[in-house]
Amino acid sequence: MADIADMKAESLGIGARVAGALLAVIVLAVVAAPVLAPQDPFDIASLRLFDSLSPPAILDGGLMPFPLGSDGQGRDVLSAMLYGARLSFLVGALAILMAALIGVPVGIAAGYAGGVLDVALMRLADAQLAVPSILLALLADGVARALLPRSWLEASAIPILVAAIGLARWPHFARVVRTGARLHRGRDYVSAARLIGLGNFDIALDHVLPNVAGTVLVVAAVSLGLAVMDEATLSFLGVGLPVTRPSLGTLIRLGSDYLLSGEWWVVVFPALALAVPVILANIVADGLRDRLDPRARPSERLRA
Amino acid sequence: MIMGRWLGLLLARLAQAVPVLLVVAALAWALGLVAGDPLAATVGLDATAAERAAAAARLGLDRPLPEQYARFLLRAAQGDFGISTRLARPVGPLIAERLPATVELAGVAFLLSLAIGIVGGVVAAVWRRAATTRLLMVGTLVGMSVPTFLTGTLLILLFSAELRILPSFGRGQVVALGGWTTGLLTPGGLAALVLPATTLAIFQSALLLRLVRAGMIEALASDHIRFARARGLAGAVVLRIALMNALVPVVSAASMQLGTLVAFSVVTESVFQWPGVGQLLVQSVAAADVPVIAAYLVLVAVLFLAINLAADLLSVAIDPRLRVVDGARRWRTSPT
Chain A
297 MADIADMKAE SLGIGARVAG ALLAVIVLAV VAAPVLAPQD PFDIASLRLF
347 DSLSPPAILD GGLMPFPLGS DGQGRDVLSA MLYGARLSFL VGALAILMAA
397 LIGVPVGIAA GYAGGVLDVA LMRLADAQLA VPSILLALLA DGVARALLPR
447 SWLEASAIPI LVAAIGLARW PHFARVVRTG ARLHRGRDYV SAARLIGLGN
497 FDIALDHVLP NVAGTVLVVA AVSLGLAVMD EATLSFLGVG LPVTRPSLGT
547 LIRLGSDYLL SGEWWVVVFP ALALAVPVIL ANIVADGLRD RLDPRARPSE
597 RLRA
Chain B
14 MIMGRWLGLL LARLAQAVPV LLVVAALAWA LGLVAGDPLA ATVGLDATAA
64 ERAAAAARLG LDRPLPEQYA RFLLRAAQGD FGISTRLARP VGPLIAERLP
114 ATVELAGVAF LLSLAIGIVG GVVAAVWRRA ATTRLLMVGT LVGMSVPTFL
164 TGTLLILLFS AELRILPSFG RGQVVALGGW TTGLLTPGGL AALVLPATTL
214 AIFQSALLLR LVRAGMIEAL ASDHIRFARA RGLAGAVVLR IALMNALVPV
264 VSAASMQLGT LVAFSVVTES VFQWPGVGQL LVQSVAAADV PVIAAYLVLV
314 AVLFLAINLA ADLLSVAIDP RLRVVDGARR WRTSPT
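Protein chains in written order, with this note's numbering: chain A, 297 to 600; chain B, 14 to 349.
No wet-lab data here; the hints were simulated from the structure.
In this text, a Cβ means the ideal position worked out from N, Cα and C, and glycines have one as well.
The reader is advised that the hints may include incorrect statements.
[Said to hold, decoys possible] To give an idea of the interface, some chain A residues facing chain B are shown, with a C-beta separation under 7 Å as derived from the structure:
1. Asp437
2. Val439
3. Pro445
4. Gly534
5. Val535
6. Leu550
7. Ser552
8. Leu556
9. Val574
10. Ile575
11. Asn578
Only chain A is shown next, with the shape it has when bound in the complex (with noise of 0.2 Å):
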């Protein structure tokens, strides 16, 4: 179990360092989209539809306005890339947030208090954990919109995602930290505290969680890519994001229509947009993974 202390950058490959850099700036830049992009794609009156499907710049027939060419509604490929990644991150980071704000509790109580609690509990998250969690973050998604008023859904897009995704990953919080825990039960310091009359709830707070905290750092990074692919995914499946303000995945997924046809930029630079931060994202979490375990297979690490 390392502690975050240990976990400093020099012990972390070459590899993984570069990659971290480039997601860095990757992540800044799509934070600073407002800022970079030549067009508000969420705001209506910017399209351009006579300028609709026009082809990247340094193509034949491109237009200047549009670096990386125009989608059908005449939507700057390159702006609504910016804004899309923007949701999907932010997506993806709330999602990884929640699970952790219900794994991290599950972990410690499973942890600390044992017995029928902790059987009962990690029973459930084992139970989980065997369904792939795209699956449950589907189900969990029909099932908020099943309860939820219909004229409500468009408006809650965002927060049924991040509820679907961030209930379909707590499993894997709970059962780092309820090893953890576990760990640190027997302790003296644990012990000691307990001596000196501290109730169980601020040990678990001021003792077990600082010692279970770079841990949790570590699956946070694992599965931040995984939660932006799962949101994605959603989002093209059409049961995530609306058409009127594009993730990535809603972007693929309106321009694989005009996959046959030839347009080929409206889908393959919001593919990359995808695909490049979340294979960068796999090789830091990759590295971070061989810190905390040197003994972990690389087969066993992604997309648990």
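We have chain A; now place chain B onto it with these hints.
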């Protein structure tokens, strides 16, 4: 003795499966109760109070909740999950007629990924340091990082839009065999299967390849394999023994993969407009079609429990060590 162990394992696993199934079924039932409004579905929204009461009595909705749940279980066991609100047809037959498409797609993809994963994994373990092996391993990392829907979309772009050699949607021509429709017997059906099955198999074969390679490297370095080699056993025989040892974790992983295949067939079917159960689920989620979602929930639970059980039984069949070592001690703890 082996039969006894299998029977014991079977019974233990079934005993664990029943509570899980009951909980999932309760979820599905509660979902229908809270969100489905089965009354409006049968008598319409503008029915009078008397009509609603009559319908409630007919549907058993005036009964105590435990009794309603029991009835739900009884009907579910017979494949009756009510009527789809989107298509106004019974859910059972709706799923049944789409099942062959999904089973064929997932089955072909599974065999494909097993073949690529095992052959590739053995090759990558035997020629560990070859440049082609390194390239293969990078390829698997990329294959595991690209989302399934993207793989499918890019394959369509390449093979259907640019090269125009493979169809990009539908099942092609299918033949009906009794209640089963198959696309495996016509050239059109086979051609239509190529891209979706490849899309679905890419991620799985990358994962299996890495697992088989790691297991083979470990097995080839173990004492009993080195001893077999020292005794002068032929290379092929040694490889076969090592592969048998390496396959145990692969079997449990491959079974998880079977589940993952079902999950990602949802995505693949949407990309290729494949008329299977997955596409039905996505359309039902988009339309908040509660009876179909509830039925799928139960179906998934049954499927995953069955897959896990089959994997456990198969592990015992493959690895002789599991039959000797006490059941609680798995292969990892046995000396290798």
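Violated constraints from the hint list, given by number and in increasing order:
3, 6
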